[in-house]
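**Q** Sequence:
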Amino acid sequence: MSGREIIGIIMAVLGLLSIFVGPFLGYLDIAQITSEIAGKEFNISQIFIFGSTTFSFYVRWFLLLIIGIILRSKMIELIQVMSMRRAIVYIGLLLGLIMLGVLIFGLLREIHVEALIVYVPFIINASILLSWTKDVSKYR
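Numbered continuously in my numbering, the sequence shown closes out at residue 140.
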């Protein structure tokens with residue numbers, strides 16, 4: 001394996017991980033705020049929908065999504081070994097399935113507006129990760 005190919009593998013995996021981690025960071029932020037204001041008299045939907053935490057969550061998620069898509073899409077072209085390309089696609093499939101599992105269990109546990117705001121990035125990122133599984137047929 002050449003150095004260029006190793007860099008491609010590392011960057012493609014970092015791209016997948018940035019797509020995977022983006023929604024989880026926001027989920028942890030919003031879960032922390034929910035636990036802090038649980039006993040107080042606030043209109044939680046106003047805090048989440050128009051609050052700075054939600055805004056920063058979506059900005060960070062979107063930036064990580066764009067970085068992940070660019071890294072994964074461009075760097076997989078550097079990888080010449082088809083089995084490594086397949087392995088990266090399978091890693092993306094596994095991460096997408098984990099995200100869908102978190103989404104399903106999270107929505108079963110709590111269904112309200114705030115939960116849907118948090119879980120929209122999970123749906124989008126998981127669908128992006130799972131859509132790349134069609135690449136497996138190209139790398140045989």
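Check the hints yourself; a few may be wrong.
[What the hints assert, rightly or not] For each label pair, taking beta carbons as the anchor points, the in silico distance ranges come out as:
1) 28 with 3: 19 to 25 angstroms
2) 134 with 98: 26 to 32 angstroms
3) 82 with 104: 29 to 35 angstroms
4) 108 with 81: 39 to 45 angstroms
5) 107 with 63: 24 to 30 angstroms
6) 77 with 107: 23 to 29 angstroms
FYI, nobody ran anything at the bench for these hints, they're computed from the structure. Ideal placement from N, C-alpha and C gives every residue a C-beta, glycine not left out.
**Q** Tell me if the beta carbons of residue 77 and residue 107 are separated by a distance inside 23 to 29 angstroms.
**A** At 36 angstroms between Cβs, range violated.
**Q** Does the beta carbon distance between residue 28 and residue 3 stay inside 19 to 25 angstroms, or does it fall outside?
**A** About 36 angstroms separates the Cβ atoms of residue 28 and residue 3, which means 19 to 25 angstroms is violated.
**Q** Range hint 39 to 45 angstroms: satisfied by the CB atoms of residue 108 and residue 81?
**A** holds, 41 angstroms
**Q** Should the hint that residue 134 and residue 98 are 26 to 32 angstroms apart at their CB atoms be regarded as holding?
**A** violated, 19 angstroms
**Q** Within 29 to 35 angstroms or not, the Cβ separation of residue 82 and residue 104?
**A** holds, 33 angstroms
**Q** For residue 107 and residue 63, compare the CB-CB distance with the range 24 to 30 angstroms and indicate the outcome.
**A** Roughly 25 angstroms apart at Cβ, these two residues keep to the hinted range, so it holds.
Of the numbered hints stated above, those contradicted by the structure are hints 1, 2 and 6, listed in ascending order.
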